[in-house]
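Letter by letter, the sequence shown follows residues 1 to 386 of the numbering used here.
I should point out that these hints are in silico values taken from the structure, not numbers from a laboratory.
Cβ atoms here follow ideal geometry from the backbone N, Cα and C, with glycine treated the same way.
All clues given are correct.
Cut-off 25 Å, straight-line C-alpha distance, at most; resulting in silico cross-link-like pairs (SDA-like, lysine to any residue):
1. Lys7 with Leu53
2. Lys164 with Gly174
3. Lys144 with Val210
4. Lys205 with Leu215
5. Lys7 with Gln113
6. Lys7 with Cys125
7. Lys50 with Leu38
8. Lys205 with Phe132
9. Lys144 with Ala212
10. Lys164 with Phe139
11. Lys164 with Gly148
12. Lys50 with Ala72
13. Lys164 with Gly95
14. Lys7 with Leu38
15. Lys50 with Asp117
16. Lys50 with Pro14
17. Lys50 with Trp75
18. Lys164 with Tyr93
19. Lys164 with Ile31
20. Lys7 with Phe132
21. Lys7 with Asp117
22. Lys50 with Ser65
23. Lys164 with Leu28
24. Lys205 with Ala13
25. Lys205 with Glu236
26. Lys7 with Ile46
27. Lys50 with Ser118
28. Lys50 with Met9
29. Lys50 with Arg60
Taking CB as the label site, the calculated pair distances span:
30. Phe132 with Gly91: 22 to 30 Å
31. Leu143 with Asp341: 39 to 47 Å
32. Thr343 with Thr165: 42 to 50 Å
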Amino acid sequence: MLVINTKRMLVAAPVIFAVALPKSGVALGGIPLNTIYLLIVATFPILFIKGMLGTGQLARQDRYSIYIWMMAPFWALFIAVTTLNGIDSVGMYFGYVMALVVVPIFFYVWSKQLPADSIQYLLGCLRNCIRFAVAFGLFLFVLKIATGQYFSIPALTTTFGAEKTLESRMNDRGGIFKLFSTYNNGNIYAVCMIMLVPIYTVIEKNRLWVVALMLSIMLTLSRTAWALLLIYCVFEYLVFNKAISVKKLILICFALCLVVPGIVGLLGMMGKDMTFLFDSNLGGRAAYLDYFFDAGFISSTPLYWSYEIPYVSIAEFMGLIGLVPFLMFFSNIVIARSLFDVTRPVSRAACIGCVMYGVATFSDAALVLVPTFIIYSLLVMLSFSE
1 MLVINTKRML
11 VAAPVIFAVA
21 LPKSGVALGG
31 IPLNTIYLLI
41 VATFPILFIK
51 GMLGTGQLAR
61 QDRYSIYIWM
71 MAPFWALFIA
81 VTTLNGIDSV
91 GMYFGYVMAL
101 VVVPIFFYVW
111 SKQLPADSIQ
121 YLLGCLRNCI
131 RFAVAFGLFL
141 FVLKIATGQY
151 FSIPALTTTF
161 GAEKTLESRM
171 NDRGGIFKLF
181 STYNNGNIYA
191 VCMIMLVPIY
201 TVIEKNRLWV
211 VALMLSIMLT
221 LSRTAWALLL
231 IYCVFEYLVF
241 NKAISVKKLI
251 LICFALCLVV
261 PGIVGLLGMM
271 GKDMTFLFDS
281 NLGGRAAYLD
291 YFFDAGFISS
301 TPLYWSYEIP
311 YVSIAEFMGL
321 IGLVPFLMFF
331 SNIVIARSLF
341 DVTRPVSRAA
351 CIGCVMYGVA
361 TFSDAALVLV
371 PTFIIYSLLV
381 MLSFSE
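Based on the provided sequences and hints, a complete structural model is requested.
Written out as C-alpha cells, the structure reads:
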C-alpha cells in the first residue's frame, strides 16, 4: 500500500522544483508560469495564516525576522517609485515582485513551520536534487556533442509553450554549447550552482559528486563562473583551511594541472584565446554601465527590463537611492553570525553561498530569472537554521 507523507512532500516540493526542475511549467502568452512560482503562490497564504493562528512564531523576533525587516525600506521604495513612474513591462514587474518581495517572505514564513528533523530531510532532498541537476546537465552536454540534438520533457525539464528553443537561449559559445541542465541557460545554471557549491560540500559525502558539480560549472563556459569557482576554492581550501597537509597541497597542484589545460582546451574548442578571460567589455555588459553612471538620485524611468548587473537596474528604475536598501538583501551574512563559525557548518556554508552570489551581482546575477533568487532565499533561510 502506497503511503504518502504529506508533510515531507511539502518540504521536498519547493526544493525539487527550485533546484532539480526549475523550468518546469507552462508559458501563456509568452509569460512563463513556472511550477515553483505556482507552488509558492498557492501555499504562501496557507502558511501565512497557519503561522499567524498557530504557534504565533511569525510574531517572534529573532535574527531572521530582523533580516526581513531590513528589506522593508527597499520594498516600500520599489513600490512607491514604480507606482509613480509607471510600468512598461508587466511581465518584468511581476518578475521583480516575485523574486524580491514574495520569495523572501515565503521562505521566512515557511521556515517557521519547519522543525529540526524537517531541515535534515530538506538537506537530503537538496543533495539529491543537485545530483540530478548535475547528472542531467552532463548527460545533455555529451548528448549535444555526440548527436547535435537535445533531449527534453516539455513542462518538466523545459517550459511548455516557451517561445525560445534551447539552442536560442544564448547557450552557443562558438559552436560548442554551454552546459545548462534543466535550467535551460548556462549562465543561470552557473550562478545557481556556484551558490550551492559550499553547502553541497557539507551535505554530500561522496566527493566524486562534488567534483562532478565543479566540472559541470566549468562546462557552462562562463568566465564569471570560472572566476567565482576559483575564488571559492582558494579561500575555502587555502585561506580558511587551518589543516593544510602536504597531501592536500599535492592534490591541489594535481587539480591545477588538470584544470588549467582543461580551460585552455575549452577555449580552443570555442575558437577563443586567453584574452577571452580578460574581456574589458564584460561580455557586452559594459555597454549599459552608462545607465548606472547617468542615474539620478530618484528615477523617473518606467520599469521595463532587468540587466545582468542588478545595480544598473536599481539605478535606472529606482535611482541611486535604491542601492543601499538593495544591499540589505545580503545582510544575513552579518546577522546570522556564522560565516566564520565552523561549529555551524550548514549555516556557515549557506552564508558563503550568499557571499558568492553577492560577488556574482557585479557581473551576471540573473536576478529575476527563475530560480536564481529562489535558491538565494533558500540559502538565506538555511543561514539562520543553526
